[in-house]
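Chemist: Read top to bottom, the protein sequences are chains A and B. So the first sequence is residues 238 to 719, counted in the working numbering. So the second sequence is residues -4 to 387, counted in the working numbering.
Treat the hints as calculated values from the structure; they're not laboratory data. For clarity, every value in this text was computed on a predicted model and none was experimentally measured. Don't take every hint at face value.
Stated by the list, open to error - Partner residues are not named here, just some residues of chain B that face chain A (Cβ under 8 Å, in silico):
| no. | residue |
| --- | --- |
| 1 | Arg102 |
| 2 | Leu104 |
| 3 | Ser106 |
| 4 | Arg110 |
| 5 | Arg111 |
| 6 | Arg115 |
| 7 | Gly117 |
| 8 | Pro128 |
| 9 | His129 |
Each residue gets a CB set at the ideal place from its N, CA and C atoms; glycine is no exception.
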Amino acid sequence: MVVGEMPEGVDLLVVGGGPGGYVAAIAAAQLGRKVVLVDADGEDGLGGVCVRVGCIPSKALIELAAHVHAQPAWAARGAPAVTADPVDLASFQEWRQEVVDGLNDGVRRLLRRAGVEVRRGWFRFTRPDQGALVTDADRPPTHLQFTSCIVATGSRPIELPLLPFDGVRIVSSTEALGLTRVPGSVAVVGGGYIGLELGTALAKLGADVSIVEAQPTLLPTMDPQIGRLVAHRVEELGVRVLTGAKVTGDTGSALQVGTVDGAVELDVELVVVAVGRTPNTDDLGLAALGVSPGADGRLAVGADLLLTPRVAAIGDITPGPALAHKASAEGHVAAAVLSGHPDAFDPTTIAAVVFSDPEVAQAGHTAASASAASHQVATATFPVAASGRARTLGEGAGFLEYVYDEATGIVLGATVVGPHASELIAEAALAVELSAHLEDLAGTIHAHPTLAEMHHEAALVGLGRPVHVPGARRPAANGDRS
Amino acid sequence: MTGPVEFRMPDVGEGIAEAEVLSWFVEVGARVTEDEPMVQVETDKSIVEIPAPATGTLLRQCVPAGGIAQVDELLAVIGDPAEIAPTAPSAPTAPTEPARPAAPHRRPLASPHTRRLAVRRGIDLAGVVGTGPHGRILATDLDAARQEQTRPAAATGRPARTRADEVVELRGLRRSIARSMTAALTIPHVTEFREVDASQLLAARAALQPGFEAQGVRLSVFPLLLKAVIRALAIQPSMNATYDADAETLTTYAGVHLGMATATDDGLIVPVVRDADRLGLTELTLEVERLAERARSRTATPEELTGGSFTVTNFGSFGTWLGNPVIRPPEVAIAGFGRITEKVVAVDGQPVVRPVLPIVVAADHRINDGAHLAAFVNAVADAVAQPLLLLS
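Extracted from the complex, chain A is given alone in its bound form:
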């Protein structure tokens, strides 16, 4: 031991204050552990990317954009018209910051009430049961010796070599969410969910938007049909969608893009790079634990999320989608496992939501993935256009589709495209987790008039006795009510 390296004892150390870390800290405290949470930004960092520069700010922006965009349509239906002044993005950002600060403060209070001590600093492992917490470059680090440790350091936006972030013209999603003025023209590089959400919102706020995606469709991780549906809709908003396209350079004022139809120059004021996120595992001193991340920067963990007998990893730094709700769920598991309660992160589904227009949400299998898993696949679809509640919202695009095993009637997955798909997917996720039968959905009375009735209706379609769409799909089976 080096002189001065007198370690301080910590029962359970959580590294990172995001939706994985703070949930893990509270869960561990509930299990009777004495918890210390460290975050590079201290209490200001609580809530992590999700609260501060991700989920919450982006949804605030999307909500604003949807509102602004819907005004003319509502005016046409009789609502008083609102003057078409430019959107005051600066005052929106003030309000948005209040929302973020409020949530951040909420997390701080929750941690305090749970008895969790929050500290600021960069943590780095130095031994299998110990690490250094650096608070200031010119001050010696504090050494923490822990009984258990949960690593939840999250991820950061990927930077493209061709398009280094300058914080002014070439920005990440984080900076794009902080814009105080609607840019005249924007190129969004990346047609995944972050790029699509941002591009759609900016277009609705009045920007001239182009989306550049290297894959053949938008939302490349989802069914191509959904990507095409969403592309069609954003094109209606005036967005230029370039798929199968790659950025080849940037002149400082124009983005050079190679497409199958030849080279294109996008003369844009702002370039938002949203090509994905990379896990923050490169500066953790993992060698001291005897582990190293894989080629994608993630840490291989099993269902118990353990890296070593006393260290667990959760959230964006572990395999699976980089989603806040996945990180939180893992936080509960890691806290339990390290506290001597066997547990496993073993969900059937992690619902994925895209706040595009229309919203897209998916849980469990798609028809293709269910087929690949040797299920006898059948689907039951109900169109949004047939929903009375959707009509009252002035919405008609989209569908709710259940994928189920034809032999057993058990629900395997669902896709929702349409208004409030982000909320509607919850019922489908529960159905998938509980291995519900179509009858279970059909036999549950859904309140009217709601969008959620589409679950009931889609199940009836699958059971061969649809009410609000014409024609039986096939003869009644799977337990017809006689």
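Assemble chain B onto chain A, guided by the hints.
Modeler: Here is chain B on its own, set in the frame of chain A:
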């Protein structure tokens, strides 16, 4: 057939409320034939093969191997898969309600709560048979599954000792023995030991042997010892009784229902010779042999394993000299015999070599005092020493 047959756990014997399913002879989806063995269950007392109640396809095994079936609980559903699953008439391996997912790589149907419980208990859901709707694994199915997964060799009755420090919940026979022996701790034992000259007993056996052999029966010493016990019980009837400590009642039996402690691979089993006092030596010998065999093969019925009024144990069969026998509640006494060995004994003041039989009798001191015990042991010893007394 006219529809699926629901088969419930039958009442396999007096006082038996549940049985452990040891193994299914027929897989789900396979054909069963009426009256042919379908499932093997173990009660506290015995192992019973239950035949199929109808011919058809086994659609469901409602209690997995290792699970506990209460009497009257649904055990199996037999039917014609075509009748129930019109969409898949030609798929006997995929009935409408499969007991487990057809493809092994598919995820077992279970709620997050059940999955969490399984993890906490160290149970692999892939090996659990769900009894819920559509084969869904319920939290209650995990209780049964734990048995299955911690007792892989349950079906053969010989758990392989490949792992150390294994915690296994006691079930079936062993649990029954454990409970019985724990209950025995509440009995204040008074025990008497005796060595008896067995020369006359062996002579009597030798004299009777040819007659038995003529009937194809091998006569051992044991039935003669049982005869001695039966005689002693007639002399001291307070030993041929059961005591209900809660009700504080003593039941003294008119007949002698002799339990014979029999070692089996699974544990000690005590088949009961009913009305042993009314059987002649030949009948008794045959009955003892028959019951011992049924006990060892675990095929004795619950009736054959209950209702004893007195128990005899044979330490000699283990090669031991003698042991301290434990009374089986609610009985009030037990007699044990050791191995007959040649010993130097004094006869008329002279050292002589004689075959000597060690005897031990334990009595419930709440019911029998030392004097009763001595009178009983004397009666047994007298009969062993002078087998002619058995004729009286």
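Chemist: Are the hints correct? Go through all of them and say.
Modeler: Status of each hint after checking the structure:
1. Arg102: For Arg102(B), the interface hint holds, since the closest Cβ of chain A sits about 6 Å away, which is under 8 Å.
2. Leu104: For Leu104(B), the interface hint holds, since the closest Cβ of chain A sits about 4 Å away, which is under 8 Å.
3. Ser106: This interface hint holds because 5 Å falls under the 8 Å limit.
4. Arg110: OK, holds: Arg110(B) within 8 Å of chain A, min 6 Å.
5. Arg111: 7 Å, holds
6. Arg115: 5 Å, holds
7. Gly117: 7 Å, holds
8. Pro128: It holds, given that the least Cβ distance between Pro128(B) and chain A is near 7 Å, below 8 Å.
9. His129: 5 Å, holds
The structure shown violates none of the earlier numbered hints.
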